[in-house]
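S.K.: One-letter residues, chain by chain:
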Amino acid sequence: MAKTLYDKLWDAHLVEQREDGTALIYIDRHLLHEVTSPQAFEGLSLANRGVWRRSANLAVPDHNVSTLKSERDAGLSALPDPVSRLQLQTLDDNCDVFDVVEIPLNDERQGIVHVMGPEQGAVLPGMTIVCGDSHTSTHGAAGALAHGIGTSEVEHVLATQCLIQRKMQNFQVEVSGQLGLGVTAKDIALAVIGEIGTAGGTGYALEFTGSAIESLTMEGRMTLCNMAIEAGARCGLVAVDDVTLDYFRGKPFAPKGAQWDAAELWWRTLHSDDGAVFDRNIVIDGDSIEPHVTWGTSPEMVASVQGHVPRLADMPDETARIGLSRALDYMGLEEGMAISDIQPDVVFIGSCTNSRIEDLRSAAAILDGHRIAPNIRKALVVPGSGLVKAQAEAEGLDRIFLEAGMEWREPGCSMCLAMNADRLMPGERCASTSNRNFEGRQGSGGRTHLVSPAMAAAAAVAGRFVSVSDVMKEAGGADR
Amino acid sequence: MKPFTQHDGLVAPMDRANVDTDLMIPKQFLKSIKRSGFGPNLFDELRYLDEGEPDTDNSQRPLNPEFALNSARYTGASILLARENFGCGSSREHAAWAMEDYGFRAVIAPSFADIFCSNALKNGLLPIVLSAAQVEALFAALYAEEGFRLSIDLQACIITLPNGEQWPFEVDAFRRDCLLSGLDDIGITLERSEAIRTFERRHQQRFPWLFEDIVL
Ligand code: SF4
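Heads up: the sequence lines are chains E and S, in that order. Residue numbering for the first sequence follows the working numbering, starting at 1 and increasing by one per position. Residue numbering for the second sequence follows the working numbering, starting at 1001 and increasing by one per position.
Derived by calculation from the structure, the hints in this document are not laboratory data. A couple of the hints might just be wrong.
Far from chain E by the CB rule (all over 12 Å, computed), these chain S residues [stated by the list, open to error]:
id, residue
1, Pro1003
2, Ile1033
3, Lys1034
4, Gln1060
5, Asn1070
6, Gly1076
7, Asp1177
No more than 20 Å apart at the CA atoms, straight line, and that leaves these computed lysine to any residue pairs for SDA-like [claimed, not checked]:
id, chain 1, residue 1, chain 2, residue 2
8, S, Lys1002, S, Ser1078
9, E, Lys8, E, Arg166
10, E, Lys167, S, Val1171
11, E, Lys8, E, Gly203
12, E, Lys251, E, Ala262
13, E, Lys8, S, Phe1199
14, E, Lys8, E, Thr22
15, E, Lys8, S, Gln1205
16, E, Lys256, S, Leu1210
17, E, Lys3, E, Gly210
18, E, Lys256, E, Leu245
19, E, Lys256, S, Leu1010
20, E, Lys256, S, Ser1078
21, S, Lys1034, E, Lys8
22, E, Lys8, S, Arg1206
23, E, Lys8, S, Lys1002
24, S, Lys1002, E, Glu42
25, S, Lys1002, E, Leu46
26, S, Lys1034, E, Lys3
27, E, Lys8, S, Trp1209
Virtual Cβ for every residue (Gly too), placed ideally from N, Cα, C.
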């Protein structure tokens, strides 16, 4: 029978199907970080349990680390915030006690767990991958079954190498055609969420297919699958192709030689079969996707940069009207206003959605030779890992950011969730390349507009949201 | 986990859609390495007028009088009535811990986000899905009548309203058994250790590269 990609991954990891509909699924890779693991390790200790398979786990600190070089240089024990320090120290200690491999704070490979994982080849096609972080969906870009879990499940995976799951349904999101100039994977993600809503993918594995997806780089596919969770889907998926294999070949933990050949044979089968049946399908015309900007407090509150904030009168019902008016109030926006009239105070380029080298390149290309607008109070560029940082520096991207008047930071989650000192002040408005615009996400009272790195860079220069497609066309025109 | 068999409790409203886990427990509290003590910071930004930090004494903070959970009418509530897509966003189990620590035993909504739902069930907090119309009716009744209570019978999967009406609801059978007995998932899975070992051996033969040691 024709199978979907998700079916194949599920079947290859099914330990046991139970009569009640739940199943035991084997986990190949478990990524850990400091925020969602301490209580899991504590649980193991209390129950006198050990780790099932040491080599399945890999830990890295990221959420709660300082991104200031001055604070990082003296190492973990010198970090100023004692509460954060204790949490980071606890990860180190737990990894020692339970013999879990950890990439430590100032190692060049340290970075946001979802940037580090693929970079090291610690996640690979065909794997089941979990992490106590909802954006684990990122790794579906590799044709892997990857999703976020809670802390009890972290403990469960550490102790049993399995997860109790119910099979999800299959949802195919086809993006046809080709993206226009300046339009990125981030814009596809925002367009999809705008279309199906933040709960549209609940209960589904979301497979992205179609020519616009095939043309994306691995990094673009990661951005897209990263945001699957914002559409309510625990996991996003993209089929394995040459782009996938080229990306993983030579990565530190990727198989080598004959093992690679054997792996490639299996990986080549990781696509939905012709005739595979999906429980739900949508088709989105890639040619017509424009750069997107979120205007509200949920990723589904999104519009084209050429568009407008909706009007109360256009809402279908009372609940929607209340939702809109609450969002407008929080965001400090007027109904019906043009997106291009919104002026950010802060720009944040970073997070597991958009902090990889291609993201930094696309932002730098827009910023090159420009300064940030006078109304931008602060602009942070936070590379996703030490390796991304080194690569960017080798290419001179750091100079471009610094000369534009931006700050060039050490790797970490930073202002994506503002657990460390990088946060918005109440009422501040941020053009952010992260993934959540919830109330208070980037700092209490902070206002977040989600955009692609190129759009964030264009907003930094213009001091308001502008279409990066137009900016690029003009620049191209001037060159000619 | 505290077993859940039957519960009778006061109902409080959370009358907005897409309540996310950031709203339930803001990030500054995720620095804790403990599993308990999150209750006083549940819905922190809605509940207090100032910004909460992990070490502040919450009893000294100014309360937001507009927030339902702060009104005397809902003091001691143990059932939360909510709108669609409750618990969306981050996978932080701290949200479920905070709900449980506050004293909630059940949340009723037309829909829940997947990860929150699974976290809740692992912490003795019962998510109950009712139809949008039923939830709407409960909101109306809750606002109309002070001291509105519901009685939940997990064994029979039935909610009883004050007027005696009984509404059935559905819960995953496996999760229901775990809740009823208060049983720990890990213990249940470890009983299947042999099956896992057998699978693992086959898996390793098929995909040997997955079993290479990780050496930094
Ligand atoms: S960058 Fe943001 S979304 Fe990604 S793992 Fe860190 S906190 Fe989570």
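S.K.: If a hint holds in the structure, say so; if it doesn't, say that too.
M.R.: Structure-based check of all given hints:
{"no.": "1", "hint": "Pro1003", "result": "holds (16 Å)"}
{"no.": "2", "hint": "Ile1033", "result": "violated (4 Å)"}
{"no.": "3", "hint": "Lys1034", "result": "violated (7 Å)"}
{"no.": "4", "hint": "Gln1060", "result": "holds (18 Å)"}
{"no.": "5", "hint": "Asn1070", "result": "holds (18 Å)"}
{"no.": "6", "hint": "Gly1076", "result": "holds (27 Å)"}
{"no.": "7", "hint": "Asp1177", "result": "violated (8 Å)"}
{"no.": "8", "hint": "Lys1002/S with Ser1078/S", "result": "holds (14 Å)"}
{"no.": "9", "hint": "Lys8/E with Arg166/E", "result": "holds (15 Å)"}
{"no.": "10", "hint": "Lys167/E with Val1171/S", "result": "holds (16 Å)"}
{"no.": "11", "hint": "Lys8/E with Gly203/E", "result": "holds (18 Å)"}
{"no.": "12", "hint": "Lys251/E with Ala262/E", "result": "holds (16 Å)"}
{"no.": "13", "hint": "Lys8/E with Phe1199/S", "result": "holds (16 Å)"}
{"no.": "14", "hint": "Lys8/E with Thr22/E", "result": "holds (17 Å)"}
{"no.": "15", "hint": "Lys8/E with Gln1205/S", "result": "holds (18 Å)"}
{"no.": "16", "hint": "Lys256/E with Leu1210/S", "result": "holds (12 Å)"}
{"no.": "17", "hint": "Lys3/E with Gly210/E", "result": "holds (17 Å)"}
{"no.": "18", "hint": "Lys256/E with Leu245/E", "result": "holds (12 Å)"}
{"no.": "19", "hint": "Lys256/E with Leu1010/S", "result": "violated (61 Å)"}
{"no.": "20", "hint": "Lys256/E with Ser1078/S", "result": "violated (56 Å)"}
{"no.": "21", "hint": "Lys1034/S with Lys8/E", "result": "violated (38 Å)"}
{"no.": "22", "hint": "Lys8/E with Arg1206/S", "result": "holds (14 Å)"}
{"no.": "23", "hint": "Lys8/E with Lys1002/S", "result": "violated (37 Å)"}
{"no.": "24", "hint": "Lys1002/S with Glu42/E", "result": "holds (18 Å)"}
{"no.": "25", "hint": "Lys1002/S with Leu46/E", "result": "holds (17 Å)"}
{"no.": "26", "hint": "Lys1034/S with Lys3/E", "result": "violated (43 Å)"}
{"no.": "27", "hint": "Lys8/E with Trp1209/S", "result": "holds (19 Å)"}
Of the numbered hints stated above, those contradicted by the structure are hints 2, 3, 7, 19, 20, 21, 23 and 26, listed in ascending order.
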